[in-house]
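Chemist: Here are the chains, one letter per residue:
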Amino acid sequence: MKRILTTLLTLMLIQSLVAQKATSDDGDAKDCFESLNRATFAFNMGLDKAIFKPVSKGYRMLPSQIRTGTSNALNNLSNLITVPNNILQGDFRSAANNSVRFIINTTIGIVGIFDPANSIGFEKSDKEDFGQTLGVMGVGEGCYLVLPVLGPSTVRDTVGSLVSISGGDAWYNITVKNDTNYVNESDYYFSKGLSGVDFRAKNLEAFDAMEKSSIDLYATVRSLYLQDRKKKINNSNDKTEAMEDGDWDTLEN
Amino acid sequence: MKILKNFVVSIVILFFLINNSWSKTASEFINSLSSEASNILSSKLSEDEKIIRLKEIGEQSVDIEGVALYTLGKYRKTLNDSQKKQYKELFRNYFLKSFSGRLVGYTDAKIAVLSEEIKNEKYTIVYSKLIGTSERPEVKIDWRVYTKDPENPLIRDLVIEGLSLARTQKEEFNSIIANNDGNIEALFENLNKFIEN
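Residue numbers (our numbering), protein chains in the order written: chain G, 1 to 253; chain V, 254 to 450.
It is worth saying that the hints were derived from the structure and are not from the lab.
Careful, some of the hints might be misleading.
Claimed, not checked - Taking CB as the label site, the calculated pair distances span:
no.	chain 1	residue 1	chain 2	residue 2	range
1	G	Asn203	V	Ile305	45 to 53 Å
2	V	Asn405	G	Ile165	30 to 38 Å
3	G	Leu204	V	Ser296	23 to 31 Å
4	V	Gln336	G	Asp249	17 to 25 Å
5	G	Ile66	V	Asn373	42 to 50 Å
6	V	Ser288	G	Ile66	47 to 55 Å
7	V	Ser296	G	Lys57	26 to 34 Å
8	G	Ala170	V	Thr386	54 to 62 Å
9	V	Asn433	G	Thr250	21 to 29 Å
10	G	Ile120	V	Glu404	48 to 56 Å
11	G	Ile165	V	Ser335	50 to 58 Å
12	V	Ser296	G	Ile51	33 to 41 Å
13	V	Phe441	G	Arg93	33 to 41 Å
Said to hold, decoys possible - With a straight-line Cα cutoff of 27 Å, these simulated DSSO-like cross-link-like pairs (lysine-lysine) come out:
no.	chain 1	residue 1	chain 2	residue 2
14	G	Lys231	V	Lys363
15	G	Lys232	V	Lys308
16	G	Lys232	V	Lys372
17	V	Lys382	G	Lys124
18	V	Lys375	G	Lys230
Computed from a predicted model, the values in this text were never measured in an experiment.
For glycine and all other residues, C-beta sits at the position ideal for the given N, C-alpha and C.
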């Protein structure tokens, strides 16, 4: 707990240092490290073409029951980060719902492969993470970052990820930090890699279409990532935040 | 007798007017538009023929000029009349190619309109979803419909799972211009390259 607090405070300090530079005049996030980010993005795209895309295509050829089961198990595991963040955001109802879902699906649902909790009324809710919690607490997103292998992020979201590996993620704690007889470090990295492949496989066509129709793919991905994070922090599933863009009203016609 | 005849004629005209204005509500507009697009996509037409038909739909139903100006963002005011004319033409070609190219791969796209929200006299938001299949999850799609002329509603933005396509386009274009010291010609060059490829 002490380590989490120390990390949080240190990183919030870094955040405050970059916060003033982080927003441009028109309210868009500022890309303070654009040259470096573009280089990292090009590296990630190469990695995607060489590894993630072919693996995802192969994964898509598996029977849909296997893919659904894998996706369910990974979602179930993500509750270990979602529940503490539900609590930190004061959303105790979702915390209770997700805790019950985790217990039922891990046991009766066989490590989350099946989702019996949904059929008895505990419906799946949105994932939460420490980056979102910082956003809910009013911490600005800071500069946009592209991390090697991991992809788009912001200073705030990177801080959130660091909190996860500093004690905030129970799955990380039992695998990487405290090896047990049942799970070990490789299980953690395997689950993260599989999450990436699962996500990529679900978005194969969408990403291809985006790649084909973009004239600056880097800028497109940055815009989509930042819009998505804003939506998740505001939990604005019902009302579209993106609709509230005053620029539409300034058009002359 | 003449009064009765005028009365009946008035009722008939009124009926047609009501019927006509009802058919122009934003939800109805999106409903008929998505059905038309869905029919084209699921038809046995060749890919090139589908693209031609989709481009026709795009030209009739999207406010291409409005979207073009929106996507320039803060650079909108820096264009002179000749650049504005050139940009509108380039954007039109870019948009239709990009729009039809993105859609043509979807052969089983079915959209269900859920509700609408009138924001003001200029804009109505239509909420809908793309029906999921075994290969693809359900997707939430919201449409920003420009209703200044109620008889001719036009689409200005599509928001897919909370992500605005017009906003994304604006940030993409603005990034290109900003990375070329505010030179709008750099954007024109990129659009030309895309159209020619």
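Chemist: Take the C-beta atom of Ile66 of chain G and the C-beta atom of Asn373 of chain V, compute their distance, and say whether it sits inside 42 to 50 Å.
Modeler: holds, 49 Å
Chemist: Would you mind confirming whether the straight-line C-alpha gap from Lys232 of chain G to Lys308 of chain V stays at or under 27 Å?
Modeler: Not OK: Lys232 of chain G and Lys308 of chain V at ~34 Å, beyond 27 Å, violated.
Chemist: At the C-beta level, are Ala170 of chain G and Thr386 of chain V separated by a distance inside 54 to 62 Å?
Modeler: violated, 35 Å
Chemist: Taken at face value, is the distance from the CA of Lys372 of chain V to the CA of Lys232 of chain G at most 27 Å?
Modeler: holds, 23 Å
Chemist: Does the Cβ distance between Asn405 of chain V and Ile165 of chain G fall inside 30 to 38 Å?
Modeler: Roughly 55 Å apart at Cβ, these two residues miss the hinted range, so it is violated.
Chemist: Could you check the hint for me, namely that Asn433 of chain V and Thr250 of chain G are 21 to 29 Å apart, CB to CB?
Modeler: holds, 24 Å
Chemist: Using the Cβ atoms, figure out if Ile165 of chain G sits within 50 to 58 Å of Ser335 of chain V.
Modeler: Because 56 Å falls inside the window, the suggested range holds.
Chemist: For Phe441 of chain V and Arg93 of chain G, compare the CB-CB distance with the range 33 to 41 Å and indicate the outcome.
Modeler: Violated, at about 53 Å.
Chemist: Need the status of pair Lys231 of chain G, Lys363 of chain V: alpha-carbon distance at most 27 Å?
Modeler: With a Cα-Cα distance of about 25 Å, the restraint between Lys231 of chain G and Lys363 of chain V holds, given a limit of 27 Å.
Chemist: For Lys375 of chain V and Lys230 of chain G, compute the direct alpha-carbon distance and say whether it is at most 27 Å.
Modeler: With Cα atoms ~26 Å apart, Lys375 of chain V and Lys230 of chain G stay inside 27 Å; holds.
Chemist: Assuming the hint says 47 to 55 Å, is it satisfied by the Cβ distance from Ser288 of chain V to Ile66 of chain G or not?
Modeler: The hinted range 47 to 55 Å is violated for Ser288 of chain V and Ile66 of chain G, with Cβ atoms some 35 Å apart.
Chemist: Is 48 to 56 Å a correct range for the gap between the Cβ atoms of Ile120 of chain G and Glu404 of chain V?
Modeler: holds, 51 Å
The structure fails hints 1, 2, 6, 8, 13 and 15 (numbered hints given earlier, in ascending order).
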